[in-house]
Amino acid sequence: MERYSRQILFSPIGEEGQQTIRHKHVLVVGAGALGSANADMLVRAGVGRLTIVDRDYVDWTNLQRQTLYSEEDAEKGWPKAIAAKRRLSSVNRDVHVEALVMDMQDTSFDALFEQQIDIMIDGTDNFETRFLLNDLSQKYRIPWVYGACVGSYGLSFTIIPGQTPCFRCFVNHLPSYHLTCDNVGIVSPAVQMVASYQTAEALKILVGDVAAIRRSLVMFDVWQNEHRFLRVDKLKNEHCPSCGSNRTYPALQSEKAKMSVLCGRDTVQIRHVHPFHITEMMEQMKASGQQVHGNEYLLMTQLEGHRVVLFADGRMLVHGTKDVTFARSLYQKYFS
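Quick note on numbering: the UniProt record's numbering labels position 172 of the sequence shown as 172, and the sequence is numbered without any gaps.
The hints are simulated quantities; they were obtained by calculation from the structure and are not laboratory data. Incorrect hints may have been included.
DSS-like mimics (lysine-lysine), calculated; alpha carbons at most 30 Å apart, straight line [as the list claims (entries may be wrong)]:
#1 Lys-333 - Lys-139
#2 Lys-236 - Lys-76
#3 Lys-234 - Lys-139
#4 Lys-236 - Lys-139
#5 Lys-333 - Lys-286
#6 Lys-258 - Lys-333
#7 Lys-333 - Lys-76
#8 Lys-333 - Lys-322
#9 Lys-258 - Lys-322
#10 Lys-286 - Lys-322
#11 Lys-76 - Lys-286
#12 Lys-76 - Lys-322
#13 Lys-258 - Lys-286
Take the sequences, apply the hints, and build the full model.
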């Protein structure tokens with residue numbers, strides 16, 4: 001326990017709390033900026049098990065704020081979940097880290113949630129996945145910590161089933177921001193502040209310090225020196241389809257689109273039923289003279305002036321376009 005001695009000296013955790021943390025399981029959804037920072041802090045804090053779900057791969061533009069990744073990860077195009085696991089395992093070998101390279105929208109929920117999950121951390125970049133997390137939280141009675149940041153602005157809120165408003169209850173009351181890191185940028189201090197709020201709340205929940213859990217929505221702008229805490233208790237909606245008296249869990253019922261434009265990016269994602277045999281496809285494409293590189297999880301190539309990435313789980317990304325018809329035509333022409 002020597003490595004956690006300074007954390008044990010913090011009386012709200014202590015030796016008993018540290019032992020409790022050691023037996024907890026955290027699910028981090030999204031291994032980008034927020035997911036990276038949260039995962040790093042939680043592994044260093046000694047959580048027993050950490051599962052990371054992410055659909056993307058490491059890109060050079062990530063390195064400015066996504067603290068788990070290196071230039072080598074970007075050069076080799078490692079999936080973020082895999083690169084995160086490798087880094088985290090070198091930070092604390094006593095923590096069991098599981099990496100899942102997949103879109104949360106494609107996940108088999110029964111398989112993922114048949115294991116005990118004590119808390120979920122939001123490291124996503126889109127509302128579609130957050131609504132999904134919210135309904136999973138309410139259905140399986142698992143608390144989750146929402147977080148978002150763009151530019152120098154950030155916000156976070158802790159959602160506890162049966163106690164607080166859920167994400168669907170208060171999302172319509174959030175500021176109408178339609179900005180993303182891809183169109184207005186982001187500074188890393190905003191990321192670290194949001195992640196610090198998230199991890200602090202996670203630790204409170206993991207050690208069972210219910211009284212210390214923040215019941216307000218925190219909003220801040222590190223550049224404009226603004227900081228606010230808003231009480232949202234009254235926003236809890238008895239008729240909410242996610243947490244109300246007659247729940248339908250709409251995000252769990254909705255049919256997932258086979259093709260979609262990724263939030264804030266000139267990229268179309270195509271989902272498929274069957275996985276790709278990456279190694280075989282790379283060999284076939286190289287034999288035909290096609291320039292291709294990658295690893296056992298994905299391959300990258302250029303088709304008709306667009307960077308195309310195929311994942312082993314059956315997804316295809318077409319970068320540099322928002323035209324789903326064009327993306328579909330590429331798939332049908334080269335991979336159907």
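Each hint, compared with the structure:
no.	hint	result
1	Lys-333 - Lys-139	41 Å, violated
2	Lys-236 - Lys-76	46 Å, violated
3	Lys-234 - Lys-139	22 Å, holds
4	Lys-236 - Lys-139	17 Å, holds
5	Lys-333 - Lys-286	17 Å, holds
6	Lys-258 - Lys-333	17 Å, holds
7	Lys-333 - Lys-76	27 Å, holds
8	Lys-333 - Lys-322	18 Å, holds
9	Lys-258 - Lys-322	14 Å, holds
10	Lys-286 - Lys-322	28 Å, holds
11	Lys-76 - Lys-286	17 Å, holds
12	Lys-76 - Lys-322	25 Å, holds
13	Lys-258 - Lys-286	28 Å, holds
Consistency with the previously given hints fails for numbers 1 and 2, ordered from lowest to highest.
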